[in-house]
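K.L.:
The residues making up each chain are set out below.
There are 4 protein chains.
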Amino acid sequence: MDFGHYKSCIEACHVCAAYCDRCATSCLQEDDVKMMAECIRLDMQCAQICRLAASFMAQDSEYANQLCRLCADVCKACADECAKHEADHCQQCAEACRRCAEACIAMASH
Amino acid sequence: MDFGHYKSCIEACHVCAAYCDRCATSCLQEDDVKMMAECIRLDMQCAQICRLAASFMAQDSEYANQLCRLCADVCKACADECAKHEADHCQQCAEACRRCAEACIAMASH
Amino acid sequence: MDFGHYKSCIEACHVCAAYCDRCATSCLQEDDVKMMAECIRLDMQCAQICRLAASFMAQDSEYANQLCRLCADVCKACADECAKHEADHCQQCAEACRRCAEACIAMASH
Amino acid sequence: MDFGHYKSCIEACHVCAAYCDRCATSCLQEDDVKMMAECIRLDMQCAQICRLAASFMAQDSEYANQLCRLCADVCKACADECAKHEADHCQQCAEACRRCAEACIAMASH
Numbered sequence: 001m002d003f004g005h006y007k008s009c010i011e012a013c014h015v016c017a018a019y020c021d022r023c024a025t026s027c028l029q030e031d032d033v034k035m036m037a038e039c040i041r042l043d044m045q046c047a048q049i050c051r052l053a054a055s056f057m058a059q060d061s062e063y064a065n066q067l068c069r070l071c072a073d074v075c076k077a078c079a080d081e082c083a084k085h086e087a088d089h090c091q092q093c094a095e096a097c098r099r100c101a102e103a104c105i106a107m108a109s110h
Numbered sequence: 001m002d003f004g005h006y007k008s009c010i011e012a013c014h015v016c017a018a019y020c021d022r023c024a025t026s027c028l029q030e031d032d033v034k035m036m037a038e039c040i041r042l043d044m045q046c047a048q049i050c051r052l053a054a055s056f057m058a059q060d061s062e063y064a065n066q067l068c069r070l071c072a073d074v075c076k077a078c079a080d081e082c083a084k085h086e087a088d089h090c091q092q093c094a095e096a097c098r099r100c101a102e103a104c105i106a107m108a109s110h
Numbered sequence: 001m002d003f004g005h006y007k008s009c010i011e012a013c014h015v016c017a018a019y020c021d022r023c024a025t026s027c028l029q030e031d032d033v034k035m036m037a038e039c040i041r042l043d044m045q046c047a048q049i050c051r052l053a054a055s056f057m058a059q060d061s062e063y064a065n066q067l068c069r070l071c072a073d074v075c076k077a078c079a080d081e082c083a084k085h086e087a088d089h090c091q092q093c094a095e096a097c098r099r100c101a102e103a104c105i106a107m108a109s110h
Numbered sequence: 001m002d003f004g005h006y007k008s009c010i011e012a013c014h015v016c017a018a019y020c021d022r023c024a025t026s027c028l029q030e031d032d033v034k035m036m037a038e039c040i041r042l043d044m045q046c047a048q049i050c051r052l053a054a055s056f057m058a059q060d061s062e063y064a065n066q067l068c069r070l071c072a073d074v075c076k077a078c079a080d081e082c083a084k085h086e087a088d089h090c091q092q093c094a095e096a097c098r099r100c101a102e103a104c105i106a107m108a109s110h
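Chains as they are written, first to last, in full-length UniProt numbering: chain A, 1 to 110; chain B, 1 to 110; chain C, 1 to 110; chain D, 1 to 110.
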C-alpha cells in the first residue's frame with residue numbers, strides 16, 4: 001500500500017481486527033467459555049474500532065489521530081486480557097493488539 | 001496472519017478497502033469532482049463491504065462465502081469505474097479492486 | 001426519517017443491530033456462557049450485516065436488495081437461536097431479528 | 001428499544017448515520033458536485049462513527065462515552081458544513097447531525 005505515514009498503522013489496525021475477530025470466534029468454541037467472556041467482549045469492540053481507525057486514516061481524516069488514541073486504549077485493554085489466556089488464538093491476538101496499540105499511539109502523537 | 005484458506009482474501013479485502021477510502025477522498029479533491037461522482041459512490045460502498053467480508057471470514061462465518069460473492073460484484077463495478085480515470089489513486093484502486101474481486105470469487109466457490 | 005420505500009427496513013435493521021449488540025453483551029454475563037455461545041456468535045454477525053444493510057439502503061445502493069436478502073438469512077438464523085433462550089435480552093432480540101428478516105425479505109423482492 | 005440511558009443517543013446516532021449516507025449520495029447527484037465535496041467528505045466519516053458509537057453504547061462499552069465525545073465533534077463539523085447548503089438533503093442532515101451532537105455530548109458527560 002502507498003499511504004504515506006499512515007501505512008504501517010492502517011496495516012496494524014487491519015491485522016489486529018482480523019485477529020480479534022478470530023479470537024472471539026475461537027474463544028466461543030473453548031470448553032470453558034465463561035473464562036473467556038471478558039476476552040470475547042473486548043475482542044468485539046477492538047475489531048470494530050480498529051477497522052474504523054483504518055478507514056479514517058485511509059480517508060486522511062482530521063479525526064484520525066483522536067480515533068487512534070482511543071483505539072490504542074481499546075487495543076491495550078484487549079492485549080492485557082488476551083495475554084492472560086494460554087490458547088494460541090489469544091496469545092497471537094495479544095501480540096497483534098500490542099503492535100496495533102503502539103502504532104496507534106505513534107499515530108496519535110504525529 | 002494465520003487464517004488458513006481465508007488469509008489471502010482477508011488481506012485483499014483490507015487492502016481494497018483502504019484504497020477505496022483513499023480514492024474517494026482523493027477524487028473529492030480533483031478539479032472536476034463531477035466526473036468522479038460515480039467513482040466516489042462506488043468507492044464508498046466497496047470499502048464498506050470489503051471490511052465486512054474480511055470480518056466475516058475472520059469469524060469463519062457460514063455466510064462468508066455468500067458475502068464474498070456480493071463483495072466481488074461491488075469490487076468489479078468499482079474496478080471498472082476507477083479504471084476509466086487516469087489519476088494514480090484511481091488506477092491503483094482499480095488494481096486493488098480487481099485483485100479483491102478475484103480473491104472473493106475464489107472464496108465464494110470454495 | 002424520509003427515506004421512501006427504504007424507511008421501515010432501515011429502521012428495522014438499526015433496531016435489530018442494537019438488540020443483537022446488547023444480547024451478545026448480556027449473554028456474556030450469563031452464568032452459563034457456554035450455552036449462549038451460538039447466540040453470541042450469531043448476534044455479532046447479525047449486528048454487523050444489519051448496519052451495513054441500513055447503510056446501503058440509505059445510500060440507495062444498487063446492491064441493497066442483494067445485501068438485504070443475505071441479511072434476512074442471518075437475521076432468521078439469529079432469531080431462531082435467540083428464541084431458544086428464556087432471557088429477556090434473547091427473547092427481545094429474537095423478536096427484533098424476526099421483524100428485520102421480514103423487512104429485508106420484502107426489500108429484497110422489491 | 002429498551003436500552004436505559006443509552007436509548008435516545010443510540011437512536012440519534014442511527015438516524016444521523018442514515019441521513020449522512022443519504023446526503024452523501026444526494027450530493028454526488030447535484031449539478032455542482034465540487035461545491036458539495038466537503039459535505040460529502042464529512043458525511044462519510046459522520047455516518048461511520050455514528051454507527052460505531054451506537055454499537056458501543058448498545059454493547060455498554062466502557063469506551064462508549066469517549067467515542068461519543070469524538071462522535072459529537074464529527075457531527076458538529078458535519079452539521080456546520082451541511083447547513084451551508086440549501087438542498088433539502090443537506091438541511092435535514094444538518095438537523096440530524098445537530099441532534100446527534102447534542103445527544104452524544106450529553107452521553108459523554110454522563
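None of these hints come from the bench; they were simulated from the model.
One should not assume that every hint holds.
No distinction is drawn between identical chains; accordingly, a pair holds when it is met within one copy or between any pair of copies.
Unchecked claim - Only pairs whose alpha carbons sit at most 25 Å apart, straight line, appear in this in silico SDA-like list of lysine to any residue:
1. LYS84 to PHE3
2. LYS84 to ASP31
3. LYS34 to ILE105
4. LYS34 to LEU70
5. LYS34 to ASP73
K.L.:
Kindly indicate which numbered hints from before are broken by the structure, ordering the numbers from low to high.
P.N.:
Failing hints, ascending: 3, 4.
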